[in-house]
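Residues per chain are reported as follows:
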Amino acid sequence: MSSLHYLRAMQGIVGRELWRFVRQRERFVSALVRPLVWLFIFAAGFRATLGVAISPPYETYILYEVYITPGLVGMIQLFNGMQSSLSMVYDREMGSMRILMVCPLPRWFLLVSKLIAGVAVSILQVYVFLAIAWCYEVEAPWQGYLYLLPALMLSGVMLGALGLLLSSFIKQLENFAGVMNFIIFPMFFMSTALYPLWKMKESSVWLHQLAHYNPFSQAVELIRFALYGEFNEYAFIYTLCAFVIFMTVAVIGYNPSKGMMMKKGGR
Amino acid sequence: MNKPENSPLTQATALTVENLSFSYARKKALDQVSFSVNASQCTILLGPNGAGKSTLFSLITRLYDTRQGSITLCGFDVKQRTGQALSRLGVVFQQTTLDMDLTVMQNLRYHTALHGIGGKIAKKRIQEELERLNMYERRGERIRQLNGGHRRRVEIARALLHKPAVLLLDEPTVGLDIPSRHSIVEHVHALAAEHGLAILWATHLVDEIYPQDQLVVLHQGSIKQTGSLEQVLRKTNTRSIHEAFQQLTQDDRE
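Order-wise, the sequence lines are chains Y and S. The first sequence begins at 5 in this note's numbering and counts up by one. The second sequence begins at 550 in this note's numbering and counts up by one.
Simulated from the structure, these hints should not be mistaken for lab results. Ideal Cβ positions, reconstructed from N, Cα and C, are used throughout, including at glycine. Careful: at least some of the hints might be erroneous.
Distance ranges between label pairs, derived from CB positions [as the list claims (entries may be wrong)]:
| id | chain 1 | residue 1 | chain 2 | residue 2 | range |
| --- | --- | --- | --- | --- | --- |
| 1 | S | Lys712 | Y | Cys139 | 46 to 54 Å |
| 2 | S | Arg693 | Y | Ala181 | 23 to 31 Å |
| 3 | S | Asp626 | Y | Gln15 | 24 to 32 Å |
Covered stretches of chain S (in silico footprint by chain Y; criterion: 3 or more residues with CB under 8 Å from a CB of chain Y, positions within the stretch not fixed) [claimed, not checked]:
| id | stretch |
| --- | --- |
| 4 | 636 to 642 |
| 5 | 661 to 675 |
Over 12 Å on every C-beta distance to chain Y, these chain S residues come out as not near it, computed from the model [said to hold, decoys possible]:
| id | residue |
| --- | --- |
| 6 | Gln581 |
| 7 | Ser585 |
| 8 | Gln590 |
| 9 | His736 |
| 10 | Thr775 |
| 11 | Leu778 |
| 12 | Arg788 |
This is chain S alone, in the form it adopts within the complex (with noise of 0.2 Å):
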């Protein structure tokens, strides 16, 4: 499991999506949509509420089945090499997945255990991940008792045990205060930058945009605009990214 084949990490593009289409009953959740995600590099994937964001993710982690189009991850497909190219992954779900019930330990425990990572290594790497987001001497508490940044903090860090080389993020920083927001956008940037890692970030916050980070904006399931924020800009003739997003996701309701 842990011999990486044509060592796929040293490729620069981690997360490919192709030809995307996917719908529910009948409504078309998503369009034809393609795009890719590069290591050391934070992409966002901008788009208003019911755009397809969830829907997208819910296919990079095989909750539903890719009927049409194809996701590679490092190299391998999801579909057909789910098991290799799900180790590869790290994800923090829109909704918490955490047990209240159970302390910040066993809740990371738990994780690492379904990755396969035994007691030394994993209990290293915990006590890194949540020293990182100085949350390591709360380890034994229980997940009831933090508050909702907290509470991502861990999820983030659990999202981290098994050394993915690519990160989702579902609309991590919904319901969170200001100081809890920006210091996990601040974090995660920071993964990007000094880890080298993929990260596929959903958001409807333009305020979450970093000037360095990729775009992809999505609208009504298909893409309206990718690249950098800059070529955005010039594409959209628009001054400010939230000109830039109004602009894009209004011109399908005429």
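In isolation and in its complexed conformation, chain Y is listed as follows (with noise of 0.2 Å):
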């Protein structure tokens, strides 16, 4: 197999996703308005009794907007990993995931391309939420834009790693609200997006351990650091090796002799 058939595969089914995500219209408002409620209702409500302090990588007071919009961030791709995992289940019941899987290339590599296809969906979404903050007068360095699109790139993708590994063990579709109450919820909230670490310490020891140790408060940090034109190296570390971890089990998963599959399917 010539690498250039994988190149072009990787293009078609990037392509695809692209497309298909501008053709269905309320998918892109909807998804642009959830974190700009966050950012307009609820870190406007939250300014006044939430005084954040200098840590890096902020070198004055900042606001609670401008505190929360790296989480925000996060938070697009948290919810576009798992969306993405939806779509695959979903594609997976329709059929359309059966086209991809007879194609002659290893099942690794249409899971990656796959996943590269949502993190770049992930990346439009992401940069136009950010140009709206920006006129809401939360300003980043412009390097800092530069510096986000790697930092991006792998939180994307451990996030969508585990929207993939979930996707293999979901049975059916219904089950994704299952995943909003016990995956999305709580990572999100036990996470450094809304609140600093530190400050969660004042309040639960236990809580700081969580919330350190969710690997989404690892990537918000990365984002975090990134946007500043900071590099933050754990973070980096972390969500790298959750990635490498994530992607491994997900491909397990969908082995047809190994995986999960069998279990639905059969032995």
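Starting from the two chains in their separate frames, assemble the complex, guided by the hints.
Here it is, written out as structure tokens:
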């Protein structure tokens, strides 16, 4: 199999996902509304009650809106990762997953391409969101927006791999509500997206520990530092390791002879 | 990828299924199934609903793994040499697998990309296949705007873009009106006769069978009869395929 074949296939998969996203306008809008509601309403309301002390990467006192923005970027990617996992379950039921699976490329490669396609969609959303936030005076240095790109790629594939992993275990579409309750919300609230770690320590050491080890926290920190042109090495390594683990399990989950497909399909 | 090893295309047997067994949890779906499909021939996999046709297709397309028995496509074992085997296989699944919001062209370009077929050749082949089905002028329409029969045609065109040697169709005419059914049945038979494709067509409708077709009658996971229409009629001592089918699929229910 030539590398050109791989390249074309990946282009095809990513292109299809982007087209579909642009075509489905409601999806585009609803994907943007969610973080904007948080930014405009939740953050504005909390601004008065929550003071954020100076902590890296920030050099001055900042408004709560500024603190929460990288967290919301993370949220976009978290929802996206889960949503593309939903679309995988949906695809599998509708059969278009089968079209993908019968093409003569290794399954791991198809899953990785699918993952990258989802990340491309999430990055598109993130930049539109940041542009709106900019108008709302949540501004980062311009280089930050460049540094952000590789960070978004890594955090995106990590969260997407988590979604893939879940999709190989979810039997039915309806269970996505369960994913919301048991994965998305705990991950989001138990992270540094909404409040800094040291603040959490004041109220609960236990929660602080959980938030620290939550891979989503590390993804958010990676994004936060990148947005201010800084590299958070710990967050980078943590996110990378989480990606490798999630992806490995997901590939096993989609392997026809080893994984969950068998349990569902038979033996 | 495109270099066929030991030129498998020259072999007359394009698809071989040997001693294939498969079960879901406790229920046995396929039991010691063996048959083969030859080039230039249309083999009808006939069986009532729940006979195991879809399971068989899932195994050939490697949605599920084969545990017992083997499947060989153009000389390549599906389990060991998946890539080579799958590149010679075209499939039309029972459910629609097109993107409703994308155009005919976009759907087909997606398929050529997955098979690594580049721009110019892809364009040419898409035109050829669509023209053959009188669908070329509708290439810019979204799938949502097409009726069931036209969607099926697009799927058949798509399955042929990478020039497979074997074409699988899983009850492709379900839910279509009679003229659409008729034209699809005719087109597929022509593909076997004129282009040398080996076709495996799953159905439970006996009127889709042509006299020259090979039959594989599957019931409750095992093969009840194989051979040409004439042979099957002789073996079952019946006068019509309808009668034969009735007889073959009723035996076990007693």
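Give me the numbers of the hints this structure contradicts, sorted from smallest to largest.
-> none
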